[in-house]
Amino acid sequence: MYDMKALYEAESVAHAIQLRLEHPEAQIIAGGSDVLVQMREGKRAGKELISIYMLDELRGVSLDEEENIRIGSLTSFSHITRDPIIQKYINVLGEAVDMVGGPQVRNIGTIGGNTCNGVTSADSASTLHAWEAIIELTGAEGTRRVPIKDFYLRAGKVDIRPDEIQTAILIPKASYDRTAGYYFKYAMRNAMDIATTGCSVNCRLSSDGKTFERVRIAYGVAGPVPMRAPSAEAAATGKPVSAETVEQFSLAVLNDINPRDSWRASKALRQHIAVELARRCLLESVKRCGGEIHEAV
Amino acid sequence: MKQFKQVTFRLNGKEVSCVVDVRSSLTDMLRNQFGLTSVKKGCEVGECGACTVLINKEAFNSCIYLAVWAEGKDILTLEGLMGPNGELSDIQQAFMEEAAVQCGFCTPGFILTAYEILEEPRDYTDDELRKLLSGHLCRCTGYENILRAVKKVLRQRLEAAKA
Ligand code: FES
Ligand code: FES
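These protein sequences, in sequence, are chains A and B. Sequential numbering of the first sequence, starting at 1, is according to the numbering used here. Sequential numbering of the second sequence, starting at 298, is according to the numbering used here.
It is possible that part of the hints are untrue.
Unchecked claim - With a Cα cut of at most 27 Å, we get these calculated DSSO-like pairs of lysine-lysine:
1. K47(A) x K302(B)
2. K302(B) x K43(A)
3. K428(B) x K287(A)
4. K459(B) x K5(A)
5. K47(A) x K299(B)
6. K448(B) x K459(B)
7. K428(B) x K5(A)
8. K88(A) x K354(B)
9. K354(B) x K338(B)
10. K5(A) x K370(B)
11. K299(B) x K43(A)
12. K459(B) x K88(A)
13. K338(B) x K47(A)
14. K338(B) x K43(A)
15. K338(B) x K5(A)
16. K149(A) x K173(A)
Rather than coming from a laboratory, the hints here were simulated on the basis of the structure.
Please model the complete structure; the sequences and the hints are all you need to start from.
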């Protein structure tokens with residue numbers, strides 16, 4: 001038995017909103033892989049829960065009228081990885097969420113729950129940042145859309161109002177068009193571990209493959225919230241596709257990130273890893289865009 | 298205040314229904330109300346996989362799954378793998394032959410995950426299999442025999458599909 005005070009089960013999105021307003025103290029539970037564990041460990045013991053897990057209308061991946069990718073917030077990690085739209089347009093997201101926990105956790109864990117925790121070690125977070133995902137929230141007054149960088153307020157805190165639930169995550173067409181990326185998770189173990197540092201890079205090359213039209217990079221755990229590295233992006237965007245650009249790009253990362261010392265890894269190690277991951281991820285992204293880099297001698 | 302709810306679902310191929318305390322996990326309901334003790338309580342925080350069951354053909358840790366979410370689902374536990382006359386499934390047989398069982402506590406979970414993996418008729422590399430089995434902890438066997446057992450069934454089924 002879980003130590004919970006009461007369970008309210010939402011039967012529709014509108015009902016979920018109503019429950020949110022009726023029970024302001026209650027915690028929303030999606031797949032529960034975090035909330036139920038915390039409840040078991042005593043951190044959330046004795047709390048009321050609003051379950052939205054049965055809302056099947058929040059599951060699945062589709063393209064909307066503007067060809068934006070729409071991922072229902074309750075879509076599980078394993079379904080994202082297997083989805084043909086994801087595989088075609090933003091395969092790196094499927095790869096990144098395939099590194100969360102173990103197989104059973106990927107069947108229960110939802111992309112929405114993973115972003116709403118505001119935990120930076122979340123494997124999906126850096127890729128969603130690097131692809132400038134839009135978070136869709138639905139409340140009593142309708143829906144609003146928030147860029148993911150504004151959705152994360154601070155560690156453990158995201159921008160959800162008291163009447164809202166997160167209903168979808170969108171990847172705009174302008175973001176995924178002609179773009180390919182790569183995610184690297186650095187952790188101590190291969191499975192069942194949270195990332196020490198996760199780095200997600202993507203790029204778009206000019207049609208002749210010689211120039212970086214756009215380069216984006218984001219880290220999980222490099223700072224208190226998932227973050228982009230603007231100096232690194234500026235160091236590569238508009239520059240020739242070359243080993244030298246990749247080098248400048250990866251070193252520029254140190255102007256942006258501010259990792260901390262923790263029992264998982266020291267600051268110096270995290271900095272070293274951040275530079276190395278940026279380099280490897282960009283090289284791989286170029287390859288996936290069909291570009292080529294001749295190693296400098 | 299105690300809160301109860303009626304839940305109706307398919308369990309090991311049969312339509313079932315029961316009234317549960319909403320605070321129950323799926324593990325609690327399957328063990329206490331249906332007597333399915335192959336569903337083990339290991340860590341109860343989603344780390345060890347001993348409580349694994351298949352829900353709509355996908356493996357889940359039943360310890361971090363609310364019993365009320367079973368509504369309308371198709372759930373399979375190890376007991377459901379048994380044939381009409383108590384025959385073992387090919388996976389169970391291979392686990393015995395390869396000595397992939399010592400104390401047996403992790404075994405039902407491993408077998409159900411193996412069931413999910415082997416439903417998809419294709420070949421896997423050892424690394425892929427290791428990754429797919431990584432949500433289970435075994436404190437006795439050292440994993441090698443388990444991997445061997447799963448590979449044995451995989452090969453048998455691929456052969457059978459060819460024939
Ligand atoms: S008992 Fe459920 S994962 Fe350990
Ligand atoms: S056989 Fe004992 S835990 Fe696996």
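Status of each hint after checking the structure:
1. For the proposed pair K47(A) and K302(B), the alpha carbon gap of about 19 Å is at most 27 Å, so the pair holds.
2. For the hint linking K302(B) to K43(A), the alpha-carbon distance of about 26 Å falls within 27 Å, and the restraint holds.
3. For the given pair, K428(B) sits about 26 Å from K287(A) by alpha-carbon distance, which is consistent with the 27 Å threshold.
4. With a C-alpha separation of about 55 Å, the suggested pair K459(B) and K5(A) falls outside the 27 Å cut-off, and the hint is violated.
5. Distance restraint check for K47(A) and K299(B): the Cα-Cα separation of roughly 14 Å lies within the 27 Å cut-off, and the hinted pair is therefore satisfied.
6. Restraint check for K448(B) and K459(B): satisfied, since their Cα atoms lie roughly 16 Å apart, inside the 27 Å limit.
7. Only pairs whose Cα atoms come within 27 Å are accepted, and K428(B) paired with K5(A) is rejected, the gap being roughly 37 Å.
8. The suggested pairing of K88(A) with K354(B) holds, with an alpha-carbon distance near 25 Å, which does not exceed 27 Å.
9. For the given pair, K354(B) sits about 21 Å from K338(B) by alpha-carbon distance, which is consistent with the 27 Å threshold.
10. Distance hint between K5(A) and K370(B) is fulfilled; the C-alpha atoms sit about 25 Å from each other, no more than 27 Å.
11. Only pairs whose Cα atoms come within 27 Å are accepted, and K299(B) paired with K43(A) is accepted, the gap being roughly 21 Å.
12. The suggested pairing of K459(B) with K88(A) is violated, with an alpha-carbon distance near 31 Å, which exceeds 27 Å.
13. Distance hint between K338(B) and K47(A) is fulfilled; the C-alpha atoms sit about 23 Å from each other, no more than 27 Å.
14. For the proposed pair K338(B) and K43(A), the alpha carbon gap of about 21 Å is at most 27 Å, so the pair holds.
15. At most 27 Å may separate the alpha-carbon atoms for a hinted pair to count; K338(B) and K5(A) meet this at roughly 23 Å.
16. Between K149(A) and K173(A), the direct Cα distance comes to roughly 18 Å. Compliance with the 27 Å bound is thereby established for this hinted pair.
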